[in-house]
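Chains as they are written, first to last, in full-length UniProt numbering: chain A, 1 to 277; chain B, 1 to 342.
Honestly, the hints are just simulated from the structure, not real lab data.
Since the model is a prediction, treat every value here as computed from it, not as a measurement.
Be aware that a few hints might be false.
[Unchecked claim] Some chain B residues near chain A, calculated using beta-carbon distances under 10 Å:
1. A37
2. R98
3. P100
4. R281
[Stated by the list, open to error] Pair ranges (Cβ atoms, derived):
5. N20/A - E173/B: 50 to 58 Å
6. P218/B - M1/A: 43 to 51 Å
7. L336/B - V108/A: 31 to 39 Å
8. V108/A - L317/B: 45 to 53 Å
9. R105/A - P316/B: 26 to 34 Å
10. E225/A - L336/B: 14 to 22 Å
11. Q185/B - K15/A: 56 to 64 Å
Glycine residues also receive a C-beta, built at the ideal position from the N, C-alpha and C atoms.
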Amino acid sequence: MRLSAEGVELRYDRKVVARNLSLEIPDNQVSVLIGPNGSGKSTALKSLARLLRPAGGRVLLDGASIQSLPTKEIARRLAILPQVLTTPEAITVEDLVWFGRHPHRRTVGAPSPQDREMVEWALRSTDTAALRDQYVDQLSGGQRQRVWIAVCLAQQTDLLLLDEPTTFLDVTYQLELLDLLARLNGEEGKTIAMVLHDFNMAAEYADHIFVLAAGELVCQGTPREVLTKETMRTVFSLDVEIGVNPRSGRPLVIPLRRRPAPHRVARQTVPGSPTRS
Amino acid sequence: MTALAPSPSPASAVAPRRTARGRWYLAAAGLAVVVTAYSLTVSSVPLPFGDVLDALTGRADDALSRLVWDYQIPRIILCWAVGAGLGASGAVMQSVIRNPLASPDVLGVTRGAGVTALFVVLILPATPLSLLPVAALAGGVAVTVVVYALAYRGGTTPIRLALVGVAASACCEAMIRFLLMRYPQDVNGSLIWLAGSFFGRTWQTVAITVPWVVVCLPVVVLLGRRLDVMGLGDPMAVGLGERAEGTRRLAIGVAVVLASGAVAAAGTLSFVSLIAPHIARRLVGGRMATLTPMAAAVGVLLTLGADTLGRGISPPLEIPAGLITAVIGAPYFLYLLMRTGR
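Next up, chain B with everything else stripped away, as it sits in the complex (with noise of 0.2 Å):
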C-alpha cells in the first residue's frame, strides 16, 4: 500500500491514510515550533535571536531577560493554551450540533463573556483586573446553560440549541453596545479587549488560562468516539448504546469552558474555533480522537500567528490578533459557505 498525500481539493473521496496523517502531525508540530521560535523574536523593540537565547540560557542582562520572560514568553504561552483552546472546542461543537458552520460562538459563548468582562470594567471599576478572565468565564458560561435551559424540550435537537444560542447572541450583543454607549469614557481598554488581543498578558493570565486547558483538552480526546457516534443522529447513536442527551450536555460542557476560557484571557479572536477544525479535518479526516488534537494544532498555528504578525507588521504599534483572525477568517468562511451551498 502506497501512501497517498491527500489532495487539497473538496472532491478528493479517497481519506488520507494513517501515514499521511502521521506526517500532517508532525509537520504541525515542526511548524509550531518554528512560529513558536520566530515570535519570540518579535517585540516592539528590536530582539535578535541571539539575545533570546542568551535570555533563555540566563546569560542576557536585567532588562532583556525582563523582557523575554514577562513579556515574550507568557504572551506565546497563551497563544498556545487559547490556540488549542478554541480549536478543540470548535471540533467538539461542530460535532454535537452536527453542522460544520457551528462553533462555540453558537451558543452565545463569546458575546456572553464578552458582556460580563464589559460589566466588570464598566460598572465595577474598582474589581482587580485578575478578576475579568473570571467574570468572561462565568458569562460565557452563563449564557450556555441560559441557552441549554431554552432549548430543552425533554431533550434537545442541535438546530433547536442553535436557533437560541443565535438569539442569546444578540441579546448579549445588544447589551455590548449599551455598555459602551453607556460609559464612552472608559471603553479604549473594553474595546481592545472585544477584538481579541495578547497585548499585555503576564503569568497571571497564564496561570488561570492553562489549566482549564490542560484539563480539558484530555477530556475532549478520551471523548472522541462517543463524539464519533453522535455524530451519526441520535437515534443510530441510541442505537450503538450512547445516552444521547447525556453526551451531549457532557461534550457542551467541555467545549464552553474551553472556549469561555480562552475568551476570558484572550477575548474575541474570530473564526479561530470555526476555521482550525476545517482545516485539520482536510488533513487527517473526521474521526474525533484523531481530528481533535490535529483542531487544537491548528488553532494554535493560526493564533500564534495572528498574535505575531499583529506586533510584527508595524511596530511599536499593536494591532490585535482578534482583527487579524477576522480578516483570514472571513474570507475563508464564505469559501465554505459556498462550498457547502452546493
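For reference, chain A alone in the conformation it holds in the complex (with noise of 0.2 Å):
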C-alpha cells in the first residue's frame, strides 16, 4: 500500500470534516470516492495529496509521514488534480502542460529529452496535441478539462488524484477521460484514486470504491459489494432498482422518483386562461 491515511482528522478551521477516518488506496487499481455533498470525500482527498494537513493521524506514502516529505518530492511520484483550478492567461496549452514538468526540472537548464517525450506522450494521450498553440484561457470547459489531465500526466507519477474529474464534461468527454484512465491503469499500472458523483460511472470503472458519509468510511469493497440498495438508501436517501449492466456485468444504478410519475391528463384549455401562442 503506497498511500494511506490513519485515523486523519480533517477539519477546516474550527468546521470538522473527519474525526478519524482511515483509507488505503489499493495499488495499481482505480477507486473511486463516492458520498453525498458535504461528506467529505474531496478533503479526505485533498489530505491524501498534502493539499490539507490533517489535524490528527498522518497520512503515509511509501511508508513516511506526507506532511515531513519536500513537496517537490511527493510531486514526482502523486499527481493531484484539485476541483479548483485558476486558468492562466495567455499561455498556451503546450505550455501548460510543460509546467507538469515542473517537480523534475531545475531552477535553471534546459530540458531533457525525457521531458520532452513525456509532455508529447500527455499531449498525445488527451487527444490535446491539435490544440498545442492555443492559449488555454480561449478553450471550451472540455479542452480544458483534458489539458489539465495532460498536465498531471506529464508529472509523471505512478499515483494520480483526481478530484471530480469529471465536472464540466459532457456524457462523452467523461467516458473518453475516464477510458483513457482506465487505460493509463491497465497499460502502466498507474494508481488512481478520484471522487466521481456519477454512481454508474464508479460501477463501470471502479476496481474499488470507498463511500463516506459525514466524514466516516461506511463501506468499501467493489462496485458490486458497495452499490447496494441498502447503501443507497442508508446513505444517499436513495430509492434505487440495482441492474445489472448487460454488457460489462457491473451493477446499474437505477433511482427511482419519489413519487410516481402522475398520470397525465390530455391538454385542454381552460376557458378565459391567456393561450400561449
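Take the two lone chains and join them into the complex the hints point to.
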C-alpha cells in the first residue's frame, strides 16, 4: 500500500469534516470515492495529496509521513488534479502541459529529452496535441479539462488523484476521460483515486469504491459489494433498483423518483386563460 | 511552420510563435535605442544631436558636457531603471495576486513610500535630500510587511492581500493629505515628487536606484517557472511541488523592492506597472520567463517616453512624467476593465 490515511482528523479552521478516517488506496487499481455532498470525500482526497494537513493522525506515502516529505519530492510520485483551478492568461496548451514537468526540472537548464517525450505523450494521450498553440483561456470547458489532465500526466507519477475530474464535461468526454484513466491503469499500472458523483460511472470504472458519509468510511469494496439498495438508502436516502449492465456485468444503479409519475391528463384549454402561441 | 504575426485583437486564440516573439524583443530593443537617442536631445535648451555626440565623445565645451553628462544621461539611466523595475514588478504582482488588474500599488507600496517621503521632507527638513529615496523605499517595504501580516491567517490568499492592501493604501493616502494640509508652505517639492517626476535627478539617485534593479531583475526572471506554476492556483501549485506560501512571499518581496526602489527614485508613476505587463502579454504571451523581460522593456519605453514628452511639450516648463503616464494610462485601464468585464 503506497498511499494511506491512518486515523486522520480533517478540519477547516473549526469546522470538523472527519474525526478518525482511515483509507488505504489499493495499488495499481482504480479507486473511486463516493458520498453525499459534505461527506468529506474531496477533503479526504486533499489530505491524501498533502493539500490539507490533518489535525490528527497521518497520511503515509511509501511508508513515510507525507507532511515530512519535501513537497517537490511528493510531486514526482503523486499527481493531484484539484477541483478548483485558476486558468492562466495567455498561456498555450503546450506551455501549460510543460508546467507538469516542473517537479522534475531545475531552476536553470534546458529541458531533457525525457521532459520533451513526456509532454508529447501527455498531449497525445489526452488528444490535445492539435490544440497545442492555442491559449488555454480560449478553450471550451471540456478541452480545458483534458489539458489539465495532460498536465498531471506529464508529471509522470505512479499515483494519480483526481477531484471530480468529470465536472464540466459532457457525457462523451466523461467516458473518454475515464477510458483514458482506465487505459493508464491497465497499460502502465498507475494507481488512480478519484472523487466521482455518478454512481454508474463509478460502477463501470472502479475496481474499488469507498463510500463516505459524514466524514466516516461507511463501506468499501468492489462495485458489486458496495452499490446496493441498502447503501443507497442509508447513505444517499435514495430508492434505487440495482440492475446489471448487460455488457460489463457490473451493477447499474437506477434511481427511482420519490412519487410515482403523475397520470397525465390530455391537454385542454381552460376557458378564459391566456393562450400562448 | 510559418510564423504568424500575433494579432492585436483580444479574440486571437493562437499564441505568438517563437520567431514572432523574438521579433518583438528586437523591436522593443530597437525602439528603446531610438527613444533614448531622441530623449538625449530634448532639454530645456535647444540641444541638437550633433552637440550630444560631441559631448559623448568628449569634444564639447564644458557647459555642454555638463548638461549632457550631469543632467541628460543620469536622467535617462534612471528612466531605464525605474521603467524596468515598475514593468517587471507589475508582471510579478499580477501573477502572484492572480488578477490582471493588479499592480504593486495593490499592496500599498506607492502610498506607503509617499507617506515616509513626505514625512522626511516636511517634518525633518534638515535631512539631506539624498536620504529621501531611502525613506521612501523603507516606507513602501514597511507597508507591504504590515499588509502581509494583516492578511495572514495560517497562509494568505490573493484576494485577502488585495483587500487589506486597498485599506492600507487608503490609510496612507489619508496621512499624505494630512501632511500636505498641515505644512502647506513647504509642499511644492513634495507635490512634484508625488506627481512622479525625473526633474533634477543626479548620479546620486542613479547610484542608489540602479543596484536594486540590477539585482532584482535576474531574480524575477529566474523565478519565472515557479511563478507560472503559482498562477494555476495554490492547490495545483502545491501538487506540482511548490511551497505555495513561501514562493508567494519571495515573489512579493522581490516585486515590492523593485517597485519601492522605483517609486523612491521618481515618485508616483501611475499605471506603468499595470499597463506594461498587459502590453507585454499581448506581444509575447503569459509565460513569466518571456513575459517579465518584455514587461520591463515596455516599462522602459513608457517611462522614457513620458519623461521625454514631459520635457519636450512646452520647454522650459516641465510636465511631470507621472502626469503623462496617468493621462495615457487611465483610458487604457478603463479599456482593460471593460474588456475583462465581458
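Tell me, in ascending order, the numbers of any earlier hints that this structure violates.
1, 9 and 10
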